[in-house]
Amino acid sequence: MKVLIIGAGPAAAGVALALTKYSDTTVQVLDIGGRLEPENDEARARMSHATPEDWAVDDLRTISLTAVASEQHRIPEKRNFGSDFAFRNFGQLDGLSSDGGVNSRVISGAYGGFSNTWGAQAMVFSNATFDDWPFPRSDLESDYRAILDTIPYSGEEDDLAEYFPLWGTADPLPPLSEGPARVLSGYERHRLRVRRQGVLLGKARLAFKGRDCVSCGLCMTGCPYSFVYSSSQTLDDLVRQKRIDYRGGLIALHLGEDDGRPFVAARSIATGDVETFHADKVFVASGALGTTRLVAQSLGLWSRRIHMKESAQFLMPLLALKGIKDLSQKGTFTLNQFNVVLPFDESGHDIVQIHGYPFNAEMVDALPAFLALPAFRGLGAMLLRRLTVGLGYLPSWWSPGFDVSVERPVSEGQLAGMALFTSTDDGSLARRNLRAVTRKLVMVAPSLGLIPVVSQIALSAPGKSYHFGGSFPHSRTPKQSEQTDLVGRLHPWRNIHLADASVFPTVPATTFTLSIMANAHRIARSVVEDDHG
Amino acid sequence: MAERHGPVVGVTGSSGYLGKALVTHLRDADFEVVEYRRKVDDELDLRDARYFDLSRASDAEIFRGVTCLIHAAWDLRETDPVRAWERNVDGSKQLLEAAATAGIERVIFVSSMSAYFGTKQDYGLMKLAIERAVLEANQLVVRPGLVYGGKPGGMAQTLLKLSSLPVIPIFRGAQLFTLHIDDFVAAVTTLVEAENIPSAVIGLAHETPTPFREIMLAMAPPDRKSRITLTIPWHLVLGLLRALEYLNVPLSVRSDSLLGLVRPAIVVPGRNLAECLGLSLRNFAL
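Residue numbers (the working numbering), protein chains in the order written: chain Z, 300 to 832; chain E, 337 to 622.
In short, the hints are calculated from the structure, not lab data. Please note that the accuracy of each hint is not assured.
Label pairs and their computed distance ranges (CB to CB) [as the list claims (entries may be wrong)]:
hint, chain 1, residue 1, chain 2, residue 2, range
1, E, Ile533, Z, Ser322, 38 to 48 angstroms
2, Z, Gln496, E, Ser500, 29 to 39 angstroms
3, Z, Arg488, E, Pro586, 42 to 52 angstroms
4, Z, Pro745, E, Gly509, 26 to 36 angstroms
Even glycine gets a Cβ: it sits at the ideal position worked out from N, Cα and C.
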């Protein structure tokens, strides 16, 4: 069986992992393939072969550029190895416009997609999440395990396992920073008092090699040793093993089926030529919005208002009662270190999650400008010693999400126009529930030694969480051209399968990428198993 | 081990009120039963009783031959919340892991109606945390109401003592879901035998709660002629009990138990499943 995968992000990696278990399946990946700039990549490569003590100052400066403030949004845009390549327009953002403050850098053209720059949190969805899905979590368990067996994974069994089981074998996490360790110790001492308010805490679960981590503190700007997972690592491995054929430099423009045989028309970024690829099966894994546009462009779904379900993000600065001694990101890892979980019902369906980040260099730049003035530097340092940045998520059914509309391209060989705009939901439910979250955290503040800075808590702009999807959700009885069946097929297609978050029926407030990979793996596995009878 | 035809049932907490009744009932019904307890007579056959302590790591080996495990053990001796959690919650989670490693097909965790979402009671919170682990392991949870009948233990025993006082304390508005001990053992036995039960929480109690006053008057010794009751503001008693606990004064009733009485669950969960299984749960009557 010949298979095409469009895209090289986490969903594509999930599909590829499932397909390449079958020797009679040939897999070709078609991708835009944006890469890190050569000089940055060379600096990263040099550093990966040396210990942190031996790193050249220039190399370190090149790759450790911190996040860049965005005029449009409160949370700055991350940089990876000093580059914006995960967000940059390689052609995939052409024709895309946004209104009402909706984030517009929402389709990645990078090899590995947004997994180049993600927070690496890896948790399975709660069992009750699947109350809204047309299949139970047990249908996905073997796929979660297959992914967790493949990617680097660190985490520990703790209270979070009550909702999010720790499947697979995990490395222990490296030692936590002083602040998070103190918070978790407070939780251990006052667990029942904290849980009485409906709050649970546990250590982070991360897709990174915790056992090998050298605690250089560069996680947030890119690990020189590639210990933080990116789907590009999976694809690199499969290319090396000659299990997939990778074709970069292509933008997919059109999908279709000729008598059931699928094809993909893609334009070369270098030459502008359009080439058509045929296969027995096509898996579309271009990211929820990239896929939505490609599908709409292929089926002529012009000017239809399509809702994207988003797990809304919020920023919650937290100040510790006691400051840390050493204001440095060296000697630790700077990914999320602990999670605060707030279940709002017994089954674990309505859960809010907050990821706690220890001090890292990006926080210095995020402080108000006046704190950089000499007279206020002491105050700034005092705040930084106490600051934990909480990045929280609400489930999509409490969040406004945003809408998209796809318009005819101006000419053939171009991508369709896509407008992003705010949804009709005014966000009042999200704000009300965010206040409920805040109240709970205020109640447990004395026990955890961590106080939410209430005045600074804010919902991020639509699209900013990057946890969105559901434009063509799975259904057991799919509505024509609105919903997909359980293997991601949209009517009238029979051999084209959507495999990314565009098929998610909901987006819970749980970490997102692992479930994208697992569901993509499930779709591909089901298709191949069906093909093999 | 002799040839067996039905499940081999392990029971933790077999020296407690519920555990003991279960073991007796199951043996009377010809089940092969292995008791798990802290004190094991050396002369006892390992087929009948094995050593188990919630505060010590469980080894899968102790479950050899057991196909169904009823986890009814609870250590009430520890009053320090951190140690109580370690002993009961962590101990139960280790037990679950060991049971899974040993390949036990069905685990039935005996929780409590005090374990409901939003409870403020430590006991209920701990039971709830174990319930989550049991459900994640695709196993069964039962939440008995206030169990009475037979030779009472646990909360029923405490209430019996209180009902023997010259003046019976009553808390306004308090009401409890109740369960006769015979219905409890019959229901759990049904769950041991039933096939294809989904992982779920099943409340074992009559669907109508009984007013606390009615329970206390029914429990009062029959020879007592005058049954004087006194309605007491529970907040006041709670504060008093907490103060005495803070001063390490030994008490027969804990503040946490009082919370369970005055802030009970408002519904019995899993009633549909209980009905499907034909569980018979009578209304309160002594």
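Checklist line | Earlier hints that do not hold, by number | finding: The structure conflicts with hint 3 only, although it agrees with all the remaining ones.
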